[in-house]
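Q: Here is how the chains run, residue by residue.
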Amino acid sequence: MHIVAFDIKNLVIRVGIENELFTLNDRGFIIPASKIVIKDIIQDIIQRNIDIDLLQGLIYGIQWEPHPAQLEIVTQPLDYRTVERAIRLARRYIASVARRRRLKIYSGSIHPIQSNPFPINGTHISISIRPKGKKGMPRKFLTYVHNNIRNHLPELIALTANSPLIAGEHSGYMSSRLVFSRVLKPSNYAVIKRSKTTIIPREKRALLKYAFTFTDKKKYEHKVVVNDVGLRFLDLTPRGPYTNIIEDRWASFKVSRLEVRFLDNPSTTDYIVDITYILLGLALEAIDKLYRGEKLGERPHLNENRMLAIKYGIEASFLHDGHKISASRSVREMLDRIHQFLDILDVKLRTSLADGIPEITFYGPPKIITDSHEMLRNVRSGRVLMKMEVHSDRELITMSGERIRLPKGSRVFGLVFPEYTFEWQEDEENIVSRFTKIHISYWMLTQQGYVRFLPGDKILLATSPIGRLVRLFSFIQKSLFKSCLETST
Amino acid sequence: MTHLLRLYKDINQLIQEIEKKDISAIRDVLRSIIGRLKILNTLGNRIPWFFLTFIPIDILISSNEKFANLKRLKKYLIRLRNSLEKIIVGKTGVRLLHRKGTYLHLRNPITTLCVPSGFDSMLPGYTYIPGRRPILLTASHATPPSMDINTGLLARRIAVKAHAHALISQIPRLFIDPNRMVGRILPFRRKLDDLINSGKVRLILDLHSMEGHVDSVVDIGVWFGLSSTRTYVKKLTDVFSKYDIPYTISTRFIGGDIIFYHANKPYINAIQLEISNRIRKRALRVLSNAISEYIVSVGDAYRRL
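Protein sequences, first through last, are from chains A and B.
Under our numbering, residue 489 is the last one in the first sequence; the count climbs by one each step, no gaps.
Under our numbering, residue 1305 is the last one in the second sequence; the count climbs by one each step, no gaps.
Do not take every clue at face value.
As the list claims (entries may be wrong) - Below, simulated DSS-like cross-link-like pairs (lysine-lysine); rule was C-alpha separation at most 30 angstroms, straight line:
hint	chain 1	residue 1	chain 2	residue 2
1	A	Lys-140	A	Lys-254
2	B	Lys-1038	A	Lys-458
3	B	Lys-1021	A	Lys-478
What the hints assert, rightly or not - Far from chain A, by Cβ distances over 10 angstroms, these chain B residues were calculated:
hint	residue
4	Asn-1041
5	Ser-1146
6	Val-1160
7	Tyr-1267
8	Ala-1283
9	Leu-1284
Hints are computed from structural coordinates only; laboratory data are not their basis.
Since we're looking at a predicted model, the values are computed, not measured.
Just so it is clear, CB atoms sit at the ideal spot from N, CA and C, and this is done for glycine as well.
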């Protein structure tokens, strides 16, 4: 048993979580209803329908997000044992408000159909560890914790990646979120740099007109630098007084912390809590190394392994000292190592993560069931205008809502569009944890009305809007030629 | 872009040749158009999707026979030309359109032109009030939950008072939003198209409501000036000034898919009115009187034409 070099009683640990959620209608479709939910919450606060004091102690706020179907829970910086209560309470409350409006909350990273690739959800976890008596997380702590978590990025990504589906098909990546998100660039190895100036990156010059600014001589001279020019939106970033990133710099020492942004949204509170504990374990491991005076270098093949984890998740094979090691083994080794730190914290992992099994493997990705693969292929490739022959009697719903019988063998032409029926699991009340099945059926909009496509119907023609115009102009050309011939004869 | 511009030029030329009734020239232009379309079809999935976004659905799903008559063909070609204009303008401002992605949903059919289960149970999902004047009032978000309050009431009241047409949606926006691209496949929007194609409607007033904490009572949306001519907006603002109704133009809302898509057609103007949801009783009556007066004056001007 390895004996740790620090006494946990001399450390103050604070954790803050930002958890993004989607609003769904009762059919599982993303709808821009975050405003409705937030309005109701404000009404509750005004009318004192909720225990504001309780919430205030746990929740910093509920935040607007750029997409009108997204909202975000932001907890206060809390003791690691309290953070679960905060996130559970906030999610339960938001879900209950949504229920009043016949809405649902979805806690996944990506909607399997409507995200293309946006909107995307994520969970950010902020960690602050400081010795008792210090105002905030010191630079050395920040650097060590950053570098240790960064060194385990491949394992952590493999363990949390859960967004393989985008726009109804497999994107080829286990974490599509990390591939498509514009705000998650990889951070560099953190170093403490003495700098008299802050260089303003070109991208930020619209925000601050300066090319560089001189920093206060007494304060902030030593910075924890994870990106030389101070670009924001990194997958792992220090925040507070010691960062060189302008938007993340706050004067107060209290807010000095490390923010972890690369996590795909865990579907349940249990998973959120477990991943928080794993991060805390890694943070304490870093502190242990710091107290021992061990150097924490950059792990070889880090970027390659990071990419492999994004692509294959837990199925990846990581490069390791000239040979390959499976991601699952690497994850288990990491978990075994941090186990003692979790014991010190007196916490236990309760989900499949304890055995190194990501939730996407534990529950499986959503199954796509379609009435016709040929139809799906056509729609995906943009050939949405089709001619089909119905193989059985059918109803045609006219524009005025009347239902007319369409006899077997009728041929119809029109615009095909999919109808989705979702099946899902709710591990927490009124919160869709994950979609399990996606049924795709098809309708055709014809000049006369709507016809449902059924398996067995024959597709006689499928074309894109441009293909349709080509056919149309060819027809006009032919008919003109014919009429010319008729006139001449 | 070059191919699009050339296609636009060819279609324009075709319209002119149809006017001249020069059959051989028409055939030459048609050949050129077909060639250009074939090239466009090879330039990736994005171009057909652009066409689906901008070109009226009824042109795409009509039977070929509808285009056999030269007079009718010319009518369709003018609409096609207008749509191409929008593609060209849209392509040049593609960033802008992406930024306004929530309005247009410039994505792909699998994620955009799709409906949730039970969609057929909601059909037809609209109420139509016929009118005499060629002006149509639409209230696309008139059904709870998350409805635009007063819009259904206003549409009915004004339609009766000013003898305008009114189309009121009964499908909740949280189920399918008629003012988004997916709404184009709903009977509500197909009816709107029918009214325009039959020549019964020349001006669309799309009614919505906005949060009432702003100074203005009405925000007028004209899609960067693409959906309506200045004259109609000027007349409307004159009426609002006369009734002392504070208004702004495209301050918060530029317009949704209804005014964007249906104003594709020649001689059709579309204006979105975002009405403050704070106004009640008297103010609502004043607004209803103002819009009615506007409809009467514009409608009668059309009749004189």
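Q: State for each hint whether it applies.
A: Hints, one by one, checked against the model:
no., hint, verdict
1, Lys-140/A x Lys-254/A, "holds, 15 angstroms"
2, Lys-1038/B x Lys-458/A, "holds, 26 angstroms"
3, Lys-1021/B x Lys-478/A, "holds, 16 angstroms"
4, Asn-1041, "violated, 4 angstroms"
5, Ser-1146, "violated, 6 angstroms"
6, Val-1160, "holds, 22 angstroms"
7, Tyr-1267, "holds, 23 angstroms"
8, Ala-1283, "holds, 23 angstroms"
9, Leu-1284, "holds, 22 angstroms"
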